[in-house]
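Asks: This is what each chain is made of:
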Amino acid sequence: MPQKANRRGGPKKDGLLTAAPFLLPSLLGLLVFSLLPLLVSALISFTDWNGLDQLLAPGFLQEHFIGLENYKNILSGAELWKVLGNTGAYIIMYIPLMLAASLLEAYLLSSTRRGVSAFRVVYYLPVLTSWVAASLIWTSVLSPQYGAMNNLLALFGIQGPGWLLDEKWAMAAIVLVSVWKDAGFFGLILLSGMVGINKSYYEAASLDGAGTWKKFWRITVPLMSPAIFYVLIVALINAFQLFPQVMIMTDGGPNSATQVMVERIYRYGFRYFRMGYAAAFSWILFVIIMACTAIQMKAQKRWVNYDA
Amino acid sequence: MTLKKRLGTTGYYVVSTVIAVVSMFPFLWMISTSLKSQGAIMSIPIQWIPQEPSGDAYVEVFTKFNFLRTVGNSLFISVSYTVITLLSSAMAAFAFAKVGFCGNDLLLKLYLATMMIPTQVTMIPLFVIMNKLSLINNFGSVILPSIFKPFAVFMLVQQMRAIPEDYLDAARIDGAGIFQVFRKIALPMCLPTLSTLAVTTFMESWNDYLWPLLMLTQREKMTLPIALSTLQGTYNPQYNVLMAGSLVSMVPIIIIYIMAQRNFKNGMMAGGIKG
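Taken in order, these protein sequences are the chains called A and B.
Everything in the first sequence is counted per our numbering, starting at 1 for the first residue and increasing by one.
Everything in the second sequence is counted per our numbering, starting at 1001 for the first residue and increasing by one.
I should point out that these hints are in silico values taken from the structure, not numbers from a laboratory.
Just to be clear, a hint being listed does not mean it is correct.
Said to hold, decoys possible - Partial pick of chain B residues on the chain A-facing surface, computed with a CB cut under 7 Å:
#, residue
1, Leu1007
2, Gln1120
3, Val1128
4, Gln1180
5, Trp1211
To be verified - Chain B is nowhere near these chain A residues, computed Cβ spacing over 12 Å in every case:
#, residue
6, Ser26
7, Gly29
8, Ile74
9, Leu80
10, Leu152
11, Gly162
12, Glu167
13, Asn198
14, Ser200
15, Leu207
16, Val221
17, Pro226
18, Ile295
19, Gln300
Given the structure is predicted, the values throughout are model-derived calculations rather than measurements.
We put the beta carbon where it would ideally sit given N, CA and C, even for glycine.
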């Protein structure tokens, strides 16, 4: 019954019976929680299903199938472009700020000076905080009249904006909380890339008279480019899926300035019960994420260095 | 110490401290606000430190939601979620990396491909499935999806591949069955990856928002983030109550983090034996 000893150099390829009990739970999950919903989601996106009628009951498709109507409506309406514009604004502010902050944190934490472990805990506290708590805290900090931020700015004679209440500043405020919360997380990933760099490179550079700044840009950054690449991929995917901050802090407002993809999907699906429309929206999100990831994968050849 | 080096050290501590202050500042504001009375949060000029500290906000938080029950819900869900993720993923990884079967590379590629699917795409059908199974407002709806975590499978496959075949062979020669090989050899040797995954999976489940928001709508079933979000009224936010709630909601995860840090270290040390 069970497989006899494996040959050296890898497992046998005929262990299906032995593998089955190990694979079963996960495989069941793959089918029920991933592949089946994926198919059904595609199907729903071609319908005007309202979430009430029995899904896929006899006669369901005759009654609800509307072909590409949802996609046509979304792609020809102004809303998608507005939402993508908002997301674009978020990405343009968030990615450079987050990368700068997490690189700086990683650099500071890579030091062997005294007190580094205390700084590590402090930098990690925002990561431990849930998005809900972080969003509530920042909503209070950014409250225009009674919040900490504007009163702090006032000490320097600066009149702060209305932040979440001002459509020009609302997205910037959401970027602020996101950078604050994410920098510690991505900082630790970058740190693991940073500490792996061979010390002899730095010694050689020092002998050649390179300063700290030059060493950072010419040695550290190129040699940790795989970690930076990973962070960029994950951060961009997360950026397209921006959600809890928006729900708690602005609810998509003011004047739809912070409406984003997932917020729309949630709103259409579970507030307006336009399931078909929401499903189509989610597939457009899927395609955008795939396209962005593919572009990044292509572009990495130009700058990511795997030879270290 | 040369002057240049001393300047470098000073610069290091100045920059590190500035970042630490920026990280901590919102928390300090949260603590300060949580100790103000309803009147004090709207006083001008604002009080950086509450002039008459009051515990009213905390009293209100504890009367508005059953804190112990909510923490219990969150703990139960996150622990079950983590255990199921680790067990199911380790079993699958063992099948992929150490048993082997025809088509295992192809299936592993399919696993990796599913990592690309945003949760929002499968969310609506999953809602229907959970509804059909009458699992809405049941912890199962939030826990069960943990059975399929392709990222964890992928990480564990990497680690299991590094286990020398000789170890498994030796165990088999000693008469160990395949389940014993898994439990006594493969699992312990994956401890470093398992402990890292445990921490990240637990955090992911603990702080999750969208799915529990859809699944757990009854007050007594809610997890911490969801219960916390219900404190937010539509009009006139009571910031002192919201801040007290936020602070209270952070206490368990900070305690867990401090405890897990020690486990983490042990996991890393156990990893030192790997061949």
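Asks: Does the claim that A:Leu152 lies off the interface hold, with its Cβ farther than 12 Å from every Cβ of chain B?
Replies: At about 9 Å from chain B, A:Leu152 fails to clear the 12 Å cut-off, so the statement is violated.
Asks: May I ask you to check that A:Ile74 keeps its beta-carbon over 12 Å from the closest beta-carbon of chain B?
Replies: The assertion about A:Ile74 holds, with a minimum of 14 Å to chain B.
Asks: If I take the minimum Cβ distance from A:Ser26 to any residue of chain B, is it greater than 12 Å?
Replies: 4 Å, violated
Asks: Would the hint on B:Leu1007 stand, with a C-beta cut-off of 7 Å toward chain A?
Replies: 11 Å, violated
Asks: So, as I understand it, the hint says B:Val1128 touches chain A; can you test that by seeing if any CB pair is closer than 7 Å?
Replies: 5 Å, holds
Asks: If we take the beta carbon of A:Leu207, is the closest beta carbon in chain B still more than 12 Å away?
Replies: 16 Å, holds
Asks: Confirm or reject: A:Glu167 is not an interface residue toward chain B, with every Cβ-Cβ distance exceeding 12 Å.
Replies: At about 19 Å from chain B, A:Glu167 clears the 12 Å cut-off, so the statement holds.
Asks: Does A:Pro226 really sit off the interface, with its C-beta more than 12 Å from all C-beta atoms of chain B?
Replies: 15 Å, holds
Asks: Closest CB-CB distance from A:Asn198 to chain B, is it above 12 Å?
Replies: Nearest chain B Cβ is 21 Å from A:Asn198, so the label holds.
Asks: Check the non-interface label on A:Gly29: least C-beta distance to chain B beyond 12 Å or not.
Replies: Given that some Cβ of chain B is not farther than 12 Å from that of A:Gly29, nearest at about 3 Å, it is violated.
Asks: Should the label of A:Ser200 as a non-interface residue stand, given a Cβ cut-off of 12 Å to chain B?
Replies: 21 Å, holds
Asks: Could you check if B:Gln1120 really has its C-beta closer than 7 Å to a C-beta on chain A?
Replies: 5 Å, holds
Hint violations for this structure: numbers 1, 4, 5, 6, 7 and 10, all remaining hints satisfied.
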